[in-house]
Amino acid sequence: MVQQELSSAFSAITAENGGHPSHLPLKSLDARPQVKPVSDLLPVHEMNARLDLIEVVQTNIAVLRPDRPLNHIQFCYLVGMPLGDLQALAHLPSLLVVDAVHELGKLTAYCNLQADKYFDPSYTGTPSIRSQGSPRTEPDQHRCMVTGLANPQACHIVPFHWNQDQEHVEKTTKLLKTVQTVAFEHRTVNASKTLMEITKDAKSSDMPWNLLCLMPQLYTWWGKAYFGFKYHDATLCKDDPSYSIISLQFVWMPCNVKALATEQVDLAAQRNPLTALGSYLSHRYGQGPLSACTARDCTKCRETLGVKCHDISSNRPIDSGTIVKVRRLTKHRVLFEHVIKLQWSVLCAAAMSGGAQIYDDELLSDSEDYPCGSVPEQQDLEESEEELKEAGENSRQASIEKVESWLQQSESADDMGT
Numbered sequence: 001m002v003q004q005e006l007s008s009a010f011s012a013i014t015a016e017n018g019g020h021p022s023h024l025p026l027k028s029l030d031a032r033p034q035v036k037p038v039s040d041l042l043p044v045h046e047m048n049a050r051l052d053l054i055e056v057v058q059t060n061i062a063v064l065r066p067d068r069p070l071n072h073i074q075f076c077y078l079v080g081m082p083l084g085d086l087q088a089l090a091h092l093p094s095l096l097v098v099d100a101v102h103e104l105g106k107l108t109a110y111c112n113l114q115a116d117k118y119f120d121p122s123y124t125g126t127p128s129i130r131s132q133g134s135p136r137t138e139p140d141q142h143r144c145m146v147t148g149l150a151n152p153q154a155c156h157i158v159p160f161h162w163n164q165d166q167e168h169v170e171k172t173t174k175l176l177k178t179v180q181t182v183a184f185e186h187r188t189v190n191a192s193k194t195l196m197e198i199t200k201d202a203k204s205s206d207m208p209w210n211l212l213c214l215m216p217q218l219y220t221w222w223g224k225a226y227f228g229f230k231y232h233d234a235t236l237c238k239d240d241p242s243y244s245i246i247s248l249q250f251v252w253m254p255c256n257v258k259a260l261a262t263e264q265v266d267l268a269a270q271r272n273p274l275t276a277l278g279s280y281l282s283h284r285y286g287q288g289p290l291s292a293c294t295a296r297d298c299t300k301c302r303e304t305l306g307v308k309c310h311d312i313s314s315n316r317p318i319d320s321g322t323i324v325k326v327r328r329l330t331k332h333r334v335l336f337e338h339v340i341k342l343q344w345s346v347l348c349a350a351a352m353s354g355g356a357q358i359y360d361d362e363l364l365s366d367s368e369d370y371p372c373g374s375v376p377e378q379q380d381l382e383e384s385e386e387e388l389k390e391a392g393e394n395s396r397q398a399s400i401e402k403v404e405s406w407l408q409q410s411e412s413a414d415d416m417g418t
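Residue numbers for the sequence shown follow full-length UniProt numbering, so the first one is 1 and each next one is one higher.
Take the hints with a grain of salt, since some may be wrong.
Within a straight-line C-alpha distance of at most 25 Å, the following computed DSS-like cross-link-like pairs (lysine-lysine) qualify [to be verified]:
| hint | residue 1 | residue 2 |
| --- | --- | --- |
| 1 | 171 | 341 |
| 2 | 325 | 224 |
| 3 | 230 | 36 |
| 4 | 331 | 224 |
| 5 | 193 | 325 |
| 6 | 300 | 325 |
| 7 | 36 | 177 |
| 8 | 341 | 36 |
| 9 | 200 | 258 |
| 10 | 174 | 308 |
| 11 | 258 | 177 |
| 12 | 174 | 36 |
| 13 | 300 | 193 |
| 14 | 200 | 341 |
| 15 | 300 | 238 |
| 16 | 300 | 258 |
| 17 | 193 | 174 |
| 18 | 238 | 224 |
| 19 | 203 | 331 |
| 20 | 177 | 200 |
| 21 | 308 | 341 |
| 22 | 325 | 238 |
| 23 | 36 | 203 |
| 24 | 258 | 193 |
| 25 | 308 | 224 |
| 26 | 193 | 203 |
| 27 | 177 | 203 |
| 28 | 258 | 238 |
| 29 | 224 | 200 |
| 30 | 331 | 300 |
Pairwise CB distance ranges (calculated) [said to hold, decoys possible]:
| hint | residue 1 | residue 2 | range |
| --- | --- | --- | --- |
| 31 | 96 | 264 | 43 to 51 Å |
| 32 | 291 | 217 | 40 to 48 Å |
| 33 | 220 | 33 | 19 to 27 Å |
I should point out that these hints are in silico values taken from the structure, not numbers from a laboratory. All C-beta atoms in this analysis are idealised placements derived from N, C-alpha and C, irrespective of residue type, glycine included.
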């Protein structure tokens with residue numbers, strides 16, 4: 001009886017999927033996502049060399065600011081730097097090192113944790129963009145680049161408010177020039193070019209090279225450092241080399257069981273696996289606990305297990321390491337690459353340190369000289385938020401118009417390659 005029921009059910013499924021059993025495995029294989037192993041966010045194989053260099057950085061900071069020891073979010077930025085860049089930083093003059101490291105908390109708040117404040121769910125930009133171009137010319141084919149769902153949001157990688165007007169351009173320029181030795185790849189022409197493009201003038205980054213299409217829930221999780229995009233590679237489109245296919249690795253981020261971001265880091269403890277930062281990264285969004293969790297009624301288990309998304313083409317969960325692809329103009333490829341790398345640097349530091357779990361003003365105050373934080377800088381950010389609200393639809397319409405202009409120029413482009 002059971003065998004008959006199974007046979008009938010299988011026949012019904014095959015009838016719905018092309019009428020032949022062989023179509024099922026073929027469809028499954030075609031829809032199978034490309035998944036690559038995810039590199040450790042904490043580079044264990046180079047950890048001792050990195051810790052030696054970070055101790056040099058800490059010593060340099062102590063010369064000028066003995067009252068401001070290295071904290072966890074600063075440590076996470078430093079440990080995530082390419083080893084060559086970290087070596088270069090350790091040999092810079094102490095004043096440059098102090099300024100760069102102490103502003104990293106502000107960068108995190110300004111770049112990542114402000115996302116929910118500056119994102120207006122009532123604004124999608126979708127109808128205007130869709131009305132001006134065919135699906136093949138819309139950013140990411142007007143589909144969520146991760147799930148494949150229709151009607152996504154066009155989301156800025158570098159936040160819109162960074163250069164929404166000249167005043168914000170000046171603030172952003174000052175901040176990025178201070179932290180660039182840590183947050184950007186050191187001594188590369190393309191990284192410098194990207195920095196200059198972001199701060200060139202008002203709305204200079206309001207372009208497709210600074211946009212990703214994501215569903216609103218994914219955008220919210222992205223701003224909370226639940227996941228990040230790691231640059232993987234890029235290839236020219238075979239049918240049109242003026243465009244490139246850029247591959248990104250979707251990575252679910254670890255959840256720090258403690259909010260350590262502004263606490264002083266003990267570098268000696270980082271040499272012991274039992275007391276190092278990695279011992280607090282026992283849960284991961286999209287996966288839950290990485291090993292058996294012994295905590296009773298663990299809030300982190302519930303939190304991380306409640307964060308998942310699926311690929312509609314395969315109905316499979318999106319695994320950490322899944323490769324997602326976007327199509328951008330080849331001439332803008334390096335700009336896209338380096339804003340993605342900046343995003344990756346910020347989100348990794350926020351996630352590993354627990355910086356995504358604490359209030360923005362804690363990160364801001366920890367980066368300033370004032371005993372209780374920088375009142376002027378905090379006021380600047382509050383004023384920036386108010387200005388954005390007042391600008392409202394005018395600013396957003398300007399954003400739409402820039403994207404539409406790009407779409408109109410690219411209407412003759414062919415479908416995305418694979």
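Each hint, compared with the structure:
1. 171 with 341: 21 Å, holds
2. 325 with 224: 22 Å, holds
3. 230 with 36: Distance ~11 Å between residue 230 and residue 36 Cα, so the pair holds.
4. 331 with 224: Since the Cα atoms of residue 331 and residue 224 sit roughly 31 Å apart, the hinted pair is violated (cutoff 25 Å).
5. 193 with 325: Judged against 25 Å, a Cα distance of about 23 Å means the pair holds.
6. 300 with 325: Status violated; Cα separation ~31 Å.
7. 36 with 177: 34 Å, violated
8. 341 with 36: 18 Å, holds
9. 200 with 258: With Cα atoms ~39 Å apart, residue 200 and residue 258 exceed 25 Å; violated.
10. 174 with 308: 37 Å, violated
11. 258 with 177: 31 Å, violated
12. 174 with 36: Measuring from Cα to Cα gives roughly 37 Å; hence the hint is violated.
13. 300 with 193: Judged against 25 Å, a Cα distance of about 40 Å means the pair is violated.
14. 200 with 341: Holds - the C-alpha atoms of residue 341 and residue 200 are around 19 Å apart, at most 25 Å.
15. 300 with 238: Distance of about 45 Å is beyond 25 Å: violated.
16. 300 with 258: 10 Å, holds
17. 193 with 174: 16 Å, holds
18. 238 with 224: Not satisfied, since the Cα-Cα distance of roughly 37 Å exceeds 25 Å.
19. 203 with 331: 19 Å, holds
20. 177 with 200: Within the cut-off at roughly 13 Å; holds.
21. 308 with 341: Given that 25 Å is the threshold and the Cα spacing comes to 24 Å, the pair holds.
22. 325 with 238: 15 Å, holds
23. 36 with 203: Judged against 25 Å, a Cα distance of about 35 Å means the pair is violated.
24. 258 with 193: With Cα atoms ~37 Å apart, residue 258 and residue 193 exceed 25 Å; violated.
25. 308 with 224: 14 Å, holds
26. 193 with 203: Holds, at about 16 Å.
27. 177 with 203: With a Cα-Cα distance of about 18 Å, the restraint between residue 177 and residue 203 holds, given a limit of 25 Å.
28. 258 with 238: 48 Å, violated
29. 224 with 200: It is violated: about 28 Å lies between the C-alpha atoms, which goes past 25 Å.
30. 331 with 300: Status violated; Cα separation ~43 Å.
31. 96 with 264: 43 to 51 Å: Because 22 Å falls outside the window, the suggested range is violated.
32. 291 with 217: 40 to 48 Å: 28 Å, violated
33. 220 with 33: 19 to 27 Å: 23 Å, holds
Hint compliance for this structure: hints 4, 6, 7, 9, 10, 11, 12, 13, 15, 18, 23, 24, 28, 29, 30, 31, 32 are not met, and every other hint is.
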